[in-house]
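Participant: As you go down the protein sequences, you meet chains A and B in turn.
Here the working numbering is used: the first residue of the first sequence is 1, the next is one more, and so on.
Here the working numbering is used: the first residue of the second sequence is 1001, the next is one more, and so on.
Just so you know, not all the hints are guaranteed correct.
[Unchecked claim] In the DSSO-like style, the derived pairs of lysine-lysine whose C-alpha atoms are separated by at most 27 angstroms in a straight line are: (1) Lys36(A) to Lys1022(B); (2) Lys19(A) to Lys67(A); (3) Lys1057(B) to Lys44(A).
By construction, these hints were calculated from the structure, which means they are not laboratory data.
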Amino acid sequence: DTAVSQTPKYLVTQMGNDKSIKCEQNLGHDTMYWYKQDSKKFLKIMFSYNNKELIINETVPNRFSPKSPDKAHLNLHINSLELGDSAVYFCASSQYGAGATKYSTDTQYFGPGTRLTVL
Amino acid sequence: GENVEQHPSTLSVQEGDSAVIKCTYSDSASNYFPWYKQELGKRPQLIIDIRSNVGEKKDQRIAVTLNKTAKHFSLHITETQPEDSAVYFCAASMYSSYKLIFGSGTRLLVRP
């Protein structure tokens, strides 16, 4: 019973191509996220969606377009791939937003990651 | 915006010793501070978290302390074991901010 799943696990492609990564959560959570982890292991938020609505876009190039068809899915489409896009992309979900209420915890659960390599 | 600094970047300890990882945050409005463990090739997984209304939290061999005045929080692992070897990330967020700001990570190596 996978909580947060992503496909594909590995993605190798040429510069200039367009690719998509899919994410699904079966936890009934309201909020989903995309994070990018570069070769130095820095984890950086890219997007947050709450109930299918975009909440956070952290100055990500508009070649990256997230789409949330429903609360359980958040896909990431990347146009015109560049060498610098090579990274591991993690999807995550949480019940509400980070730190949603003053005294409750709101854990973010991460997917297994998609390693994108742009040649 | 919020910035989280984490030290040290690498930490090597003998099995059975304690390990301490420290983080500082910039935004005094931050109120939620989770710690994640990431094993090689795996996803980050929450190991412990703390809210700003609490100064310390413990879960078996793992504890986190928070000093709101100084804006820093620390992870303490006692009686380390080789399976504790991983990259540890601290993070901070504000009430309903919908994002976690991560530190740069600490690679912990526990030598048998």
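Participant: Would you mind marking each hint as holding or not holding in the structure?
Facilitator: Taking the hints in turn, this is what the structure says about them:
1. For the proposed pair Lys36(A) and Lys1022(B), the alpha carbon gap of about 23 angstroms is at most 27 angstroms, so the pair holds.
2. Our distance criterion of 27 angstroms between C-alpha atoms is met by Lys19(A) and Lys67(A), whose separation comes to about 13 angstroms.
3. Proposed proximity of Lys1057(B) and Lys44(A) is supported: the alpha carbons are some 26 angstroms apart, at most 27 angstroms.
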